[in-house]
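These protein sequences, in sequence, are chains A and B. If you count the first sequence from 1, position 130 lands on 130 in the working numbering, and the numbers rise without skipping. If you count the second sequence from 1, position 44 lands on 44 in the working numbering, and the numbers rise without skipping.
Watch out, some of these pointers could steer you wrong.
Stated by the list, open to error - Straight-line C-alpha distance at most 27 Å; calculated DSSO-like pairs for lysine-lysine: (1) A:LYS61 - A:LYS77; (2) A:LYS61 - B:LYS34; (3) A:LYS9 - B:LYS83; (4) A:LYS77 - A:LYS46; (5) B:LYS3 - B:LYS83.
Said to hold, decoys possible - Pair ranges (Cβ atoms, derived): (6) B:ILE22 - A:GLY15: 26 to 32 Å; (7) B:LEU84 - A:VAL60: 55 to 61 Å; (8) B:GLY23 - A:VAL213: 54 to 60 Å.
These are computed hints drawn from the structure, not numbers from a lab. Where is the CB? At the ideal position from N, CA and C, for every residue including glycine.
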Amino acid sequence: MNDVGNGPKVVFEIGPIQVTETVVMGWLIIVAVTILCLWLTHGMKKIPEKKRQVVAEMFVKFVNGMVRENMGPSMMKFAPYIGTLLVYAVLGALISMIGLRSMTADINVTATWALMTFALITYYKFKNNGPIGYLKSFAQPVAFILPLNIISEIATPASMAFRLFGNVAGGMVITGLLYGALGSLSSALGLSFEVGSFGFNVFQVGIPAVLSVYFDLFSGCIQAYIFSMLTMVNVGAANE
Amino acid sequence: MEKAFVLGCSAVGAGLAMIAGIGPGIGEGYAVGKTIEAIARQPEAKGDCTRTMFIGVAMAESTGIYAFVVALILLFANPFIGKL
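With the rest of the complex left out, here is chain B (with noise of 0.2 Å):
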């Protein structure tokens, strides 16, 4: 009874953490956006835009990965079962 609780509430974390993917999905939108519209603006300077955009995609979603892997660690390996 106990561990059914505490895995169906490491279950609901794991999908609370996921909320967290909101942030970066706005983000990278925004930067993918004003990436195009530099491009629009500037083709010759397509490649740099492209470039710095993925880094910068890359760092706005490291947010998301976090609390990717929080989850993961949640559902997989669960730290809560070991303290029963």
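Isolated chain A (complex conformation) (with noise of 0.2 Å):
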């Protein structure tokens, strides 16, 4: 109970560098991910022979299918980036189903994504429009609108970050919360038992299950392809 709402823990130290929780989880996700895209994508035939060459192509294509709708088929490049950027943070939000705490409940993980796509955009801004076509873009169509454009132009990456980071989390922190209250309702119901050291509260079982199934599976996957959306959306319309 008392932890609901901490951030992430630090799990050891090398030197002055604090690794916590969120970059070990991170680095799971790394090396489950490399291997389950060289068991699906080992042994490839033209004509697909088994079932996890036809998932390994379904993904690939959905990922393409969503680039090219999105950014036009200039933009084919981006599609291996928004696919990693969509694993890691469907499976970043995924790890809590199995009792791990999620790398996406991180305000620094999602807060570099959205730096990441910033840049993008200000790249492809300059690159389309120049140095001084840039700065004038911020002028535009009046000039006294220049303050509302710069904030519009930071409140882009800050909405993507605080998105993603509070949905995660406040799931997590209301999944908590609900877990101890529903652990103190069967303590004073008089429906707790000890059976040995560890202790088992009746209405624990199942109920905080329904929520899970809400905030972690299908919040996470939802908000997952919104960031990887707007990342689309948000580069794309920066190179027209």
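Join the two chains into one complex using the hints; note that each chain is given alone, in its own frame.
Encoded structure:
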């Protein structure tokens, strides 16, 4: 109960660098995705014989279609980046299903991804308009709107970072609070038992799982999809 | 005593901040309702409508999320305790 709402714990330290749970989860996901990719694409044939190749082709087709629709055929080189972002964000949220801490429930992770999107947006605006044109675009259509344009430029990555972080962290906090409340409720009604050294509360069975399906499974997938979608839309719009 | 006052006021502030949840609720309701109207009129455009709706709903949700982040900060990482 007392660890609800706390930041990620420091697992170990390398000199002055503190390695938190988030980084450990991130590397776990990287290893898992690498193994999954090697397994899915192992022994591919031109005409698929195995189910795993069909699954891999379906995913690649899904990402390619999404990028083609939202960014145009000239930006197809972004498909691997968007696919990586999607897989990493989905697994980062879903890792809480097996009792570990969500990777995206840390503002540092989402802020990093949002900054990457911001860098891409700025790069394409610079490339298409030139340095003078880029600076001029802030004073469009009239000069006194300059502060508003600067705010909206910063608001894009900030809102993306806070949206993903807020959803995942909020789900974690609400699930944790409910879990604690159900424990107190069952001990108040005399429905908690001690089996050896293992405490067991009647109301804690099953009920938090329903909430977890919404907050971890549904919200995690939707928000990851929306994050990659917003990246595509914003970068695509910057290149027009 | 001072600390208790600040903590209590922070809890009240967190509760007040979450009133912002009304806005996204109404907005998302409108968005979903209009999407259903559009799908009912033109069922073949269901995929496009749903996808656009999800993006719009996520956009509308962000104000609620900001309020939620403020509430979380007030509850779990209170900045005013350090200023006592």
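- Where does the structure disagree with the numbered hints, that is, which hint numbers, in rising order? Going through the list in order, the structure violates hints 2, 6 and 8 and respects the others.
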